[in-house]
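On the provided structure of chain A, position chain B as indicated by the hints.
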Amino acid sequence: MVNVAEGGDVVAAVRDVSKIYSLGGHQVRALDGVSIDFRRGDYVAIMGSSGSGKSTLLNVLGCLDRPTKGQYILAGQDVAAMDDETLSRIRGRYLGFIFQSYNLIQQLSVVENIEVPLSYQYPPMPDGPERCRKLAELVGLAQRLGHRPTELSGGQQQRVAIARALVNNPHVILADEPTGNLDTATSHEIMDLLEALNRAGRTIVMVTHENDIAERARRIVRLRDGKIESISEVRR
Amino acid sequence: MKLFQQLRLGFRSLLLHKLRSALAVLGILIGVTAVIWLVALGEGVSWQAQQQIKDLGATSIIVRSIKPAEESSQNSGGGFRMGIAYGLLRDDYERIVTNIPTIQRAVPMREISREVRYREQAIDGQVIACTPEYFGMNRLSIARGRALSEIDMQTYDNVVVLAHEVAEKLFPIEDPLERSVQIGTEFYVVVGIAAERSAAAAIGGSLDARQYDRDVYIPLSTFRARIGDRVATMRAGSFQSETVELTQVTAVVDDMNQVDATADIIRSLLQRYHKQVDYAVVVPKELLEQAETLRAMFNVLLLLIAGISLLVGGIGIMNIMLATVTERTREIGIRRALGATKGEIVQQFLWETVVLSGTGGLLGVLAGFLCGPTVTAFRAGVQAFFPQVWATLPPNIRNIEPRIAPWSIIAAFAISVGVGIVFGIYPARRAANMDPIEALRHE
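The listed protein sequences derive, respectively, from chains A and B. Taking our numbering, I'd label the letters of the first sequence as residues 1 to 236. Taking our numbering, I'd label the letters of the second sequence as residues 237 to 679.
So here's chain A without its partners, still in its complex pose (with noise of 0.2 Å):
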């Protein structure tokens, strides 16, 4: 089994994760001894059927969660086993996050949305508001700064939201089908985008359980079970 991809610096790596859920005396394993690496530049789509574990791989990915067993390497520190608060701020300087639902906040406009990790960064970045504005412009949302998410199409909120991962200028971009609730037309401007980050040199971690979607990846890696399937190189 490859799970160690070869070449290039390591920016994320599991080693060996479980986690263990315990539902009314039975024990569920969500992950079961799951190893991958992400190295720098990799893009990387996890695939399965719902109950493979591949929302549970994401959440430990995202700090969000702390596996049961085993090791997570994240800017050469093992977050596994950290407290909650060091948690918050690994992910704001660390991670970038996209979701299904873009997850704007509502009450702010365009711009303040996409300041709002710099808000939770010690110590502040400096010429953030600068950043913002060519990050919107970047995602093609210069004209629209002002706006609030309701005035926005669901392409153009996603936009919103991939600037906002890009925001602190984070190691690794966690996407949680970013596709999910948009037309295919849309779905492929978006795809493009990530695939331009990408091409720049962004680490993106991507669930889908679309294929044509995760065909885009480099690397397509199947759970089954909480278990790896099998990871593959994308050919095209």
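Calculated directly from the structure, the hints in this document are not laboratory data. Please note that a few of the clues may not be correct.
[Unchecked claim] EDC-like mimics (lysine to aspartate or glutamate), calculated; alpha carbons at most 16 Å apart, straight line:
id, chain 1, residue 1, chain 2, residue 2
1, B, 303, B, 490
2, B, 578, A, 85
3, B, 578, A, 84
4, B, 511, B, 327
5, B, 238, A, 115
6, B, 578, A, 83
7, B, 578, A, 65
8, A, 69, A, 16
[To be verified] Here are some chain A residues pointing at chain B (derived, C-beta under 10 Å):
id, residue
9, 21
10, 55
11, 65
12, 88
13, 90
14, 95
15, 99
16, 105
17, 107
18, 108
19, 117
20, 165
Using N, Cα and C, we set each Cβ at its ideal position, and we do this for glycine too.
What follows is chain B alone, placed relative to chain A:
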């Protein structure tokens, strides 16, 4: 996050639900206004009382004749009653003046009620027989004409000085000076009119404040010569006759520290010559101290009431923040995912409650300043629409002027912000302790 950003964020989140936020603000506003108003009214009443007591003079000791209780009940057989003699004697006055060196001066006074009449105008007057010093001691100034003089005393002249209100009632059109008014059976020439004078504190056990508006002043010597010590009054079909030499002696000492000792000497002196306690020694300074204690107690009570209303406001805020937190579960999840610690979430929601309660506090302080105009308007309203009710109100209530206490403004505002923090902590902690994964999934 910077303070300004936090406040701005708080305002904007609250503006999402304008009516709900406005109602929460209203709760605090009412509480803060209640604190300021109640304290202002309380301060107004006690200030009035203190002014009245101060008018009596902090360095003065008032000795007053009182009718002994047992004596009057023994004689209550009805019909014609033989005179009872009680009260201060001219000898007492002499003894006080000659024996006590700390007394700077002492002013005797005799007082009875008599009808005062000029042609068809008549009022129930209060005849004050006094010496010229009485005017200075009670800070009665003369608006027109002159005060009583030593010459009036020596010549036993039938002259009278009218209180401002008496002059107005008896002489609606004419000039009262040099006219003769009838007091009882005698005629007196009006030589002066006193300026208006507000009421002084109650003394001698009576609850009413000492009013000056029915007074007519005649020389003490004239009183003794024309009316005499023995005064008969018809009351409920039976005559009562009383022999009283002096109604009141007001003694003034040089220094406030001598007041208590001098009052004690007067008490023991009078005790020696009086078989029964038919006098009372009143020390305005003591009244002042009592009034201070009363005011402090009153303030505590008011703060308690106001505190309860702020508590209710705080519960309102908590209720609204709990609803807000539930509603914004998703936002909390997003912020947690994007790097916010639990502490930062607590801070964010605490700022929101502080903005709510602080806004309520500020508006409450502004509403607090409306206390004076509101009381004035209310008074005018009662006077205009319910004149009978107005007439029955005691003067303390009629003349009440609220005095806004600066400390009450600071306290009320500080308490309102404090209420925001205290009642905001629980909802904020609840927000912070949500599981971010669950929160992100929340619809």
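Status of the hints after comparison with the structure:
A hinted pair counts as satisfied when its Cα atoms are at most 16 Å apart, and residue 303 of chain B with residue 490 of chain B does not qualify at roughly 30 Å. Taking the CA atoms of residue 578 of chain B and residue 85 of chain A, the gap is near 7 Å; set against the 16 Å cutoff, the hint holds. Distance check on the hinted pair: residue 578 of chain B and residue 84 of chain A sit about 8 Å apart at the alpha-carbon level, within 16 Å; holds. Restraint check for residue 511 of chain B and residue 327 of chain B: satisfied, since their Cα atoms lie roughly 15 Å apart, inside the 16 Å limit.
Distance hint between residue 238 of chain B and residue 115 of chain A is fulfilled; the C-alpha atoms sit about 13 Å from each other, no more than 16 Å. Taking the CA atoms of residue 578 of chain B and residue 83 of chain A, the gap is about 11 Å. The hint holds against a cut of 16 Å. Restraint check for residue 578 of chain B and residue 65 of chain A: satisfied, since their Cα atoms lie roughly 15 Å apart, inside the 16 Å limit. With a C-alpha separation of about 7 Å, the suggested pairing of residue 69 of chain A with residue 16 of chain A holds against the 16 Å cut-off.
For residue 21 of chain A, the interface hint is violated, the least distance from its beta-carbon to any beta-carbon of chain B being 12 Å, above 10 Å. A distance limit of 10 Å between C-beta atoms decides the matter here; for residue 55 of chain A the minimum to chain B is near 9 Å, and the interface restraint holds. Nearest Cβ of chain B to the Cβ of residue 65 of chain A: about 6 Å, under the 10 Å cut. The hint holds. Taking 10 Å as the C-beta cut-off, the interface hint given for residue 88 of chain A holds, the closest approach to chain B being about 4 Å.
Contact between residue 90 of chain A and chain B, as hinted, is supported at the beta carbon level, the nearest pair being about 8 Å apart and thus within 10 Å. Checking residue 95 of chain A against chain B: minimum C-beta separation of about 8 Å stays under 10 Å; hint holds. The closest approach between the C-beta of residue 99 of chain A and any C-beta of chain B is roughly 7 Å, which is under the 10 Å cut-off, so the hint is satisfied. The closest approach between the C-beta of residue 105 of chain A and any C-beta of chain B is roughly 5 Å, which is under the 10 Å cut-off, so the hint is satisfied.
Taking 10 Å as the C-beta contact cut-off toward chain B, the hint placing residue 107 of chain A at the interface holds, the least distance being around 5 Å. Look at residue 108 of chain A: its Cβ gets to within about 8 Å of chain B, closer than 10 Å, so that hint holds up. With 10 Å as the threshold, the beta carbon of residue 117 of chain A comes within range of chain B, its nearest partner Cβ sitting at about 4 Å, so the hint holds. About 9 Å separates the beta-carbon of residue 165 of chain A from the nearest beta-carbon of chain B, less than 10 Å, and the hint is met.
Going down the numbered hints, you'll see the structure goes against 1 and 9, while the others check out.
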